[in-house]
Amino acid sequence: MLSMKKTGTILCALAIGLSGVLAGCGSTPKEQSAGTSSSSAPAATTTNSGPVTIDFWYALGGVRGKKIEEMVKQFNETHKDIIVKPSYQGAYQENHSKVLASVAAGNNPDVTMVEIASIAAFADAKVLEDLTPYSQGDEKKYIPGLMKNSYWKDKLYAVPFNRSTPLLYINRDMLKEAGLDPNGPKSWDELVSFSQKLSKKEGDKITRYGFSTPVDIWFYEALVFQGGGSILSEDGKELTINNEAGKAPLELWSKMVKEGLMKNPPGENYNAWDVTEQDFLNQKVGMIFTTTGSLTELNKNAKFDMGAAFLPANKNFGTPTGGANLVMLSKSTDAEKKASWEFMKWMTDTEQTVPWSIASGYMPVTTAAVDSPEMKAFYEKQPNFKVAVDQLQYGYPRPMAPGYKELQDIIQKELQRSMLGQASVDEALQAATDKGSKLLKK
Amino acid sequence: MNRVGATSLKTVEWIGLLIVGFLFVFPFLWMASTAFKTMSEVRQFPPTLFPETWDLSNFAHAWQSGPFLTYTWNSILVAVGILVLQFLTAVPAAYAFARYKFPGRNLLFGLVLIVLMIPGQVIFLPIYVQLSGWGLVNTLWSLILPYAASAFGIFLLRQAFMQVPDEVIEAARLDDASEWKIMWTIMVPMAKPVLVTFGLFSFIYHWNDYFWPLIMTNSDEVRTLPIGISSLHMSDGGTLWNVMMAGNMILILPILVVFFVAQRHIIKAFVYQSK
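Chains as they are written, first to last, in the working numbering: chain A, 1 to 442; chain B, 1 to 275.
Just so you know, the hints here were simulated from the structure itself, not pulled from any lab data.
All C-beta atoms in this analysis are idealised placements derived from N, C-alpha and C, irrespective of residue type, glycine included.
Among the hints, a few may not be true.
[To be verified] Examples of chain B residues lying across from chain A (beta carbon under 8 Å, computed):
1) 48
2) 257
3) 258
[Claimed, not checked] Computed spacing ranges between beta-carbons, pair by pair:
4) A:79 to B:29: 47 to 55 Å
5) A:379 to B:45: 54 to 62 Å
6) B:16 to A:271: 24 to 32 Å
7) A:300 to B:159: 38 to 46 Å
8) B:111 to A:430: 41 to 49 Å
9) A:63 to B:50: 38 to 46 Å
10) A:202 to B:16: 46 to 54 Å
11) B:70 to A:381: 33 to 41 Å
12) B:67 to A:266: 44 to 52 Å
13) B:116 to A:434: 51 to 59 Å
14) B:165 to A:270: 50 to 58 Å
15) A:430 to B:116: 34 to 42 Å
16) B:32 to A:244: 50 to 58 Å
17) A:203 to B:70: 53 to 61 Å
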């Protein structure tokens, strides 16, 4: 985010200038109230002037989007003093650009979803409202493993909403047939030895692979954590992957690919994810890494006994979390902020997160939800869903730095270069470090 | 070259054309076939080219997943609205550039060409801020107005107008025709194939445009088809590709119709240009 902060400031100034010039052309009431919010106390006045309307932008399509619309409708029916207007804004990245543009123009939403690795960028650009005064300790109800990406410089900026982790998915039938533990490999060594038994060759052609994963930053993060390493230094200013813990994942994957044990799925970004899941469903690979977000779909389509397990450990178990959080925007009025918190609190509360989790496949976000009878009954029937929550005890935050969105693209490109044999492990990590530190110094 | 050689050359040419043609048609066929498959067949390996069971419900599923009638209507309003405005601005501008000598003409035309080279994503922010200041964000106007003038249209039409022989215009002027009349009743009909071609380009581009309508609108009442269809896509895994592709079929159908209607003129435009 080379100078998002600077651009933001310039654009804000531009927006203010414009709305001054164009005041006669009809600025929206929202902008006018935003201008006066600091001088008056709107909290007292708005209670008489009817319900507060807030805009909520979300970034999930399909049945999940439908479910969100349903939840908002339910909120509006039970909260007479608040009207929430939900609006689909494309995938995470599109919503991301749109929120920034709308902040510059002064017609931003009040609540939105932000992918967890982008929280730092938004907080650093002062786009987000500090939630501490609103939550007043209420944030303790959320699962601690999910809260690590909610803070920036010791302030609470986000609450978890649709959250996932990577899982190891296994074809239990295939494992049993090969005489392996149907609960899957527990360590990297076992991952390799299991894959050796699962891979099949006909002549020179490999017809079945033991293992496959998208070569994606998310899974790389997991493997680095498992080796006791980290992606960024404590202060977030240095890339710390050019060491043993950073090299180990690439060495493991390259070795497995070279020996015909792992399939490196073709395709850019999410296409590679699709290929991985497709191969797994068609029993072309025995074990894959993918997100809990796919659990519902995979469960429905697998024609074999499918299991989910922790990601295998190297020195220790470890996993990042993924998905998005809910945030409140700092440019809203006080009344809008109060209503926003009411809404965010409700959307992520136990009573809502349980049905949301069951319908969407994402994890429930409060500890009470995990212990609730509904969730327990669901886990009883679908034990695979429980694995993600259990794995959270080994959860690490995704790296927090304002520029991480760009940085992860750089790292991922180097990982792929190395996997395709265009660079050695050392060269790739050196290149990532060089380019990365340039970005982090900005 | 003898006759056998000529025929075999012809055969090679045909095979080449068929291969290239197939390469371009294949993704399209794939979309159409996926739109009719069941989800388990979509996931099947090896994949089937033609659906084993024809599942027509995908279209209903896609259509009912949002207010698609509104989306379609908005798409038509926006694409046609832009087209009309672009004609109204591009024809006089192109005529002026082609037929008048005035100070700064080359500089101005240079600026028009520069506009051609700037991608919309680069300048969306200032335009967004401007439109927001006018209170036009989340209206159909915000989708139409920024495209009211087309640099590409001005450029293309100017080239066409320049090819109209001077004698035709001289004759018209001798008959006391006004410039306005010359422009609309002589130049425009003579450039008809180019106009149709440009119209088709513009229509397809704005019909398919996803980025701009997504950025400018927030509510279903003013949204267009591409956004409706993209909302069928689930983030984080588990997309129903058959429904997605059915949605895309709905999206491209009007374009196919327009294309077949305008096809004759497009071919003419290229012949005309190459003379």
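Each hint, compared with the structure:
| no. | hint | result |
| --- | --- | --- |
| 1 | 48 | 13 Å, violated |
| 2 | 257 | 27 Å, violated |
| 3 | 258 | 26 Å, violated |
| 4 | A:79 to B:29: 47 to 55 Å | 50 Å, holds |
| 5 | A:379 to B:45: 54 to 62 Å | 31 Å, violated |
| 6 | B:16 to A:271: 24 to 32 Å | 30 Å, holds |
| 7 | A:300 to B:159: 38 to 46 Å | 56 Å, violated |
| 8 | B:111 to A:430: 41 to 49 Å | 45 Å, holds |
| 9 | A:63 to B:50: 38 to 46 Å | 28 Å, violated |
| 10 | A:202 to B:16: 46 to 54 Å | 36 Å, violated |
| 11 | B:70 to A:381: 33 to 41 Å | 40 Å, holds |
| 12 | B:67 to A:266: 44 to 52 Å | 38 Å, violated |
| 13 | B:116 to A:434: 51 to 59 Å | 37 Å, violated |
| 14 | B:165 to A:270: 50 to 58 Å | 56 Å, holds |
| 15 | A:430 to B:116: 34 to 42 Å | 41 Å, holds |
| 16 | B:32 to A:244: 50 to 58 Å | 52 Å, holds |
| 17 | A:203 to B:70: 53 to 61 Å | 57 Å, holds |
In this structure, the earlier hints numbered 1, 2, 3, 5, 7, 9, 10, 12, 13 are contradicted, and the remaining ones agree with it.
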